[in-house]
Amino acid sequence: MSRRVVVTGLGGLCATGADVSEFWANAKKGVCGISRRTLTAGEEFSITLPVAPIDGFEARLESLGREMSRADRFTQLAVAAADEAIADAGVDFAGGLGARTAAIIGTGIGGQTTFDTAYLAMLKHGKKPHPLSILKIIPNAPASHLSIRYGLKGPAFAISSACASGAHSIGVAADLIRHGSADAALAGASEALLTYGAMETWKAMHIMSDELCRPFSKNRKGLVIGEGAGVLVLEEYESAKKRGAKIYAEIAGFGMNADGKDMINPSADGAADAMKAALSTVGAADAAAVYINAHGTGTLLNDPTETKAIRAAFGADADKLIVSSTKSMHGHLLGAAGAIEAIATLKAMEGGVVPPTINYDEGDPACDLDYCPNEARARRIDLALSNSFAFGGLNAVLAFKKV
Amino acid sequence: MSDIDKGLLEIIKGHAIGLTGEPTRETPIADLGIDSFSIVEIIYEVEEKLGVEVPFNANENPLGNMKTVGDLIDAVKKLAGKE
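First to last, the sequence lines map onto chains A and B. Just so you know, the working numbering puts 239 at position 239 of the first sequence, and the rest follows in order with no gaps. Just so you know, the working numbering puts 1035 at position 35 of the second sequence, and the rest follows in order with no gaps.
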């Protein structure tokens, strides 16, 4: 069985938007969600660094229902995103669809806030952790909560592939529908790692920017970590069409592979092969109407490697297409990056506007594509790729095509 | 009602999302709107707030066939050695 899969609903939140509509309005304006914050644990531990946090989310918690008071922040964010996506799709899971709907929600780490709280209580205060700690920490908590919340009884699990978790989740969910294991899916990812413990751990790698995130720019200083979630409603094309659903795009291609080389250093060959695999099922497209939402982390290594990979995958067409990294605005959502960036990609296609790579100052000869620097650009987009390349050499590329 | 009874009642009330009005010893547990995991959460809070250890294994159904809030208070007190 090989069926077509389309996106019919979007929900997401991050530093630059409490919902998709605010996120997209800010993306078009090039609003930066990065600011310097101090994160604490107890009274004696603190770290100050640039991050891209979601402010004011706590005020929304009560409206998410009692069960969310028993969930970690990463699950709360995923549920907020899923509620929005389901409302946007106008899909009804009653009448049999729920039994055939998957919930594939990835995360890079899981319940970090709960981890930190439990270990601080145990190791510093000699106290017991909260009895629900494990249920809050487990990476499948969002998938499980969503299956319970909406009565979804299809395949449900979490995919964890570091910074490719979101793209893997959407791609695998699409494959489940394509091959008949489900008729619809909630697919996406969530990450909430802005805790003292997690940030000290990330800082120890020495790849974090001490100021802004400047993807593809000569003066890039590294990545800035953000938090958030993105969830897509995926449906089998014929049934979506039959119910008159709004269709954002078709998931026309999905390429995933592993570099098989190195835990840190990315491989241009692996990334190029993943893009080629995603493109292999999409058919012809006018290169001038192709947009790539880049992985574009703003690290020394990623940006020239990704540039090289795009050139390898597209050949001479690489100079006609347009690329941007929205991480410059919302930061690196790690496991959720591929999910929020898929939303940026789909909104770009819908509105014919490429979101900019902001904070771009000076060109780098090793990064020589059109990165849509600093200002959004009107552009017809027929085909769009969303690239995700994870630590550990795991690559996932989604190809969206207009229906 | 003893101070410990009052403290326990207050903790139970915090979890009784289905209850309208004040819980008493006679209030049926079924009216509290709590689920199986609420008992574990209540016991955790008892340990935190009252500074006691409540040894129990959820597999052994240690709280037995309780019907009222009074039954629950007595069971927790017994487990905590505050009977």
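Honestly, the hints are just simulated from the structure, not real lab data. Hints may be right or wrong, so weigh each one.
[Said to hold, decoys possible] Below, simulated DSSO-like cross-link-like pairs (lysine-lysine); rule was C-alpha separation at most 27 Å, straight line: (1) B:K1049 - B:K1078; (2) A:K221 - A:K241; (3) B:K1077 - B:K1067; (4) B:K1082 - A:K128; (5) B:K1013 - B:K1077; (6) A:K241 - A:K402; (7) A:K320 - A:K276; (8) B:K1082 - B:K1049; (9) B:K1067 - A:K127; (10) B:K1006 - A:K128; (11) B:K1067 - B:K1082; (12) A:K261 - B:K1049; (13) B:K1013 - A:K127; (14) B:K1067 - A:K29; (15) B:K1006 - A:K124; (16) A:K128 - B:K1013; (17) B:K1078 - B:K1067; (18) A:K127 - A:K246; (19) B:K1082 - B:K1006; (20) A:K128 - B:K1049; (21) A:K401 - A:K276; (22) B:K1078 - A:K153; (23) B:K1013 - B:K1049; (24) B:K1078 - A:K246; (25) B:K1078 - A:K128; (26) A:K320 - A:K29; (27) B:K1078 - A:K127.
Holds or violated: K1082 (chain B) and K1049 (chain B), Cα atoms, limit 27 Å. Holds: K1082 (chain B) and K1049 (chain B) sit about 14 Å apart, inside 27 Å.
When you check the alpha-carbon spacing of K1067 (chain B) and K1082 (chain B), does it fall within 27 Å? Measuring from Cα to Cα gives roughly 21 Å; hence the hint holds.
Straight-line Cα separation of K1078 (chain B) and K153 (chain A) no greater than 27 Å? violated (41 Å)
Sort out whether K1067 (chain B) lies within 27 Å of K1078 (chain B), counting only the CA atoms. holds (16 Å)
Given hint K241 (chain A) paired with K221 (chain A) - CA-CA distance at most 27 Å: Roughly 46 Å separates the two Cα atoms, so the pair is violated.
Would the pair K320 (chain A) and K29 (chain A) pass a check requiring their Cα atoms to be no farther apart than 27 Å? holds (24 Å)
Just to be careful, I want the Cα atoms of K320 (chain A) and K276 (chain A) compared with a cutoff of 27 Å; is the pair within it? The given pair, whose Cα atoms are some 17 Å apart, holds under the 27 Å limit.
Hinted pair, alpha-carbon criterion (27 Å max): K128 (chain A), K1049 (chain B). Please report holds or violated. Between K128 (chain A) and K1049 (chain B) the Cα gap is close to 12 Å, so the pair holds against 27 Å.
Is the Cα-Cα distance between K241 (chain A) and K402 (chain A) 27 Å or less? holds (14 Å)
Measure nothing beyond the straight line between the CA atoms of K1082 (chain B) and K1006 (chain B); if it is 27 Å or shorter, mark the hint as holding. holds (13 Å)
Would the hint linking K1082 (chain B) and K128 (chain A) be met if the CA-CA limit is 27 Å? holds (20 Å)
Given the hint that K1006 (chain B) pairs with K124 (chain A), test it: the Cα-Cα distance must not exceed 27 Å. Answer violated: K1006 (chain B) to K124 (chain A) is near 30 Å, above 27 Å.
Going down the numbered hints, you'll see the structure goes against 2, 9, 12, 14, 15, 18, 22, 24, while the others check out.
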